[in-house]
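Trainee: Using the hints, put the two standalone chains together into the complex.
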Amino acid sequence: MLFALLVTSTPFSGQGAATAARFAHTLIEQGHELSSVFFLDAGVENGAANAVCPQDESDILGLWIELAEQHQVELTLCIASALRHGMLDEAEAERYERAATVHPAFSIGGLGQLVDANAKADRVITFGGQG
Amino acid sequence: MSERDATRTLILIRRSPYGSSLARAAIETGLALAAFDQPCNLLFVGDGVLQLLPGQDPGPVGLRNLGKLLQSLPLYDIEHVYVDNASAQRYGVAEDDLPLQVDMLSTADVQKLLSEHDQLLGF
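Quick note, the sequences are listed as chains A and B, same order.
Going by our numbering, the first residue of the first sequence is number 115, and it counts up by one from there.
Going by our numbering, the first residue of the second sequence is number 39, and it counts up by one from there.
One chain only, chain B, in its complex shape (with noise of 0.2 Å):
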């Protein structure tokens, strides 16, 4: 294969943090990436908006808490952690409240991300 700039990934993140495993799997596959020197986005978008919630407190259904692992994002080399303005303003997630530095793109920004990535992982 011929050499190329490094591929550029967006994790598109569509579920809600305790409803699926694969929640998790979204968060884990990002930080896999970025541990193997990978440029990787995160877009949470629809029901994925709810893995922001600040305040999660999953010990009573038996899971790891997933806002943790989200808060520690900057410690990875995750590039930028996007999020979809619609869903947010949808489930009432105010970017004021979010544990973590996100960009707030309209759905003419979320369009243009996604053609600006290489491969799109679709969680």
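Isolated chain A, as found in the complex (with noise of 0.2 Å):
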């Protein structure tokens, strides 16, 4: 079966990312197919390059990384929810002449990525933000 994956939920705030990533990890594992993971509102928190993780909590920005780099799973942060959480890729951060702050296994789309996504997947589940 085709999946896709919409999170909302920031990278430590509650369990949906780390629950996202992992059951991301599982459908691949289990014979699934992933096109993508689109990262919408608070949720662009998961492509922060600089997170810096406790050693004894999962690293999920790893696992994220993880996906793109050896499942080719595309990874895209909603552009006008990263702008405003200060996520720039190398582009954005050059027109907005600031510091990149996205890792490189993301790259910034608009809703019609995740709107061709959903048209294009058996299934999208949504991993939400708290509160």
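Each hint should be verified, as a subset may be incorrect.
Computed Cβ-Cβ distance ranges for the label pairs, DEER-style [said to hold, decoys possible]:
hint : chain 1 : residue 1 : chain 2 : residue 2 : range
1    : A       : 140       : B       : 74        : 24 to 34 Å
2    : A       : 197       : B       : 103       : 14 to 24 Å
3    : A       : 197       : B       : 107       : 44 to 54 Å
4    : A       : 214       : B       : 44        : 33 to 43 Å
5    : A       : 208       : B       : 57        : 27 to 37 Å
6    : B       : 109       : A       : 140       : 21 to 31 Å
7    : A       : 171       : B       : 92        : 20 to 30 Å
Negatives, chain B to chain A, calculated, CB over 10 Å [claimed, not checked]:
hint : residue
8    : 112
9    : 120
10   : 137
11   : 150
Since the hints were derived computationally from the structure, they do not count as laboratory data.
The beta carbon of each residue, even a glycine, is placed where N, CA and C say it ideally should be.
Mentor: Written as structure tokens, this is what we have:
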């Protein structure tokens, strides 16, 4: 089955993002396909390149990077959310004359990419924010 | 991938209008789907029904008016706006006060609605 994920949870406020990343790995282990993960609203913070995780906690950024690098899963941060949260890739950093803050395993894109993933996937699973 | 009918998507809206930025994110996702000609309906449930209250004035808290955005929905190709009747009753949101045309649904109808869509995007 072809899956896509929508993540609106931040990496460390609650379990949503960690569950999403583990779910993504389990999908692939079980032989499903995962086309893309779209990060919206505060979920864009999952792309923070400089997040330093304590050694005794799970490295959620590492789980995302592995999906992109080893399984060719597209990781897209919603551009409107990303800019608000200070998440800039190289191109946006240049445009706004700031430092880049997004890990290169992620790209920045529009809601159209969520629309596209939603149309193609058999299932889209949302991992929501808290509160 | 084989050809299939257009994906029917239901956006499940559970956030109060100014308590969470996800309230606006949900509406914008619905508008994006509609802009790309994807069949899309909205369902307001729980705290989400508060988004429909008339006379919103979020200026003093420095936010854009979500109620105005919702009033513009008929201009976009959002097919239906559904409201969970039990949630509306709990919050005293009366259908006659609402700024746009909605369909009030019983709990049984909500269950049916969920099963009739291909994708559910929950906010």
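Trainee: Evaluate the condition: distance from the CB of residue 120 of chain B to the nearest CB of chain A exceeds 10 Å.
Mentor: For residue 120 of chain B, whose nearest Cβ neighbour in chain A is about 18 Å away, the distance exceeds 10 Å, so it holds.
Trainee: Could you tell me whether the CB distance from residue 140 of chain A to residue 74 of chain B stays inside 24 to 34 Å?
Mentor: 30 Å, holds
Trainee: Quick one: work out the minimum CB distance from residue 150 of chain B to chain A and report holds if it exceeds 10 Å, violated otherwise.
Mentor: 20 Å, holds
Trainee: Okay, residue 214 of chain A versus residue 44 of chain B on CB: inside 33 to 43 Å?
Mentor: 38 Å, holds
Trainee: Is it true that the C-beta distance of residue 197 of chain A to residue 103 of chain B lies inside 14 to 24 Å, as the hint says?
Mentor: Since residue 197 of chain A and residue 103 of chain B have Cβ atoms about 21 Å apart, the given range 14 to 24 Å holds.
Trainee: Taking 44 to 54 Å as the stated bounds, is the beta-carbon spacing between residue 197 of chain A and residue 107 of chain B within them?
Mentor: 19 Å, violated
Trainee: Determine whether the Cβ-Cβ distance between residue 109 of chain B and residue 140 of chain A falls within the hinted range of 21 to 31 Å.
Mentor: 43 Å, violated
Trainee: Is the hinted range of 27 to 37 Å satisfied by the C-beta distance from residue 208 of chain A to residue 57 of chain B?
Mentor: 35 Å, holds
Trainee: So is residue 112 of chain B really clear of chain A, every C-beta pair being over 10 Å apart?
Mentor: At roughly 20 Å from the nearest Cβ of chain A, residue 112 of chain B sits farther out than 10 Å, so the non-interface label holds.
Trainee: With d taken as the least Cβ-Cβ distance between residue 137 of chain B and chain A, does d exceed 10 Å?
Mentor: Holds: least Cβ distance 24 Å, greater than 10 Å.
Trainee: Assuming the hint says 20 to 30 Å, is it satisfied by the Cβ distance from residue 171 of chain A to residue 92 of chain B or not?
Mentor: 46 Å, violated
Violated hints for the displayed structure, listed by number in ascending order: 3, 6 and 7.
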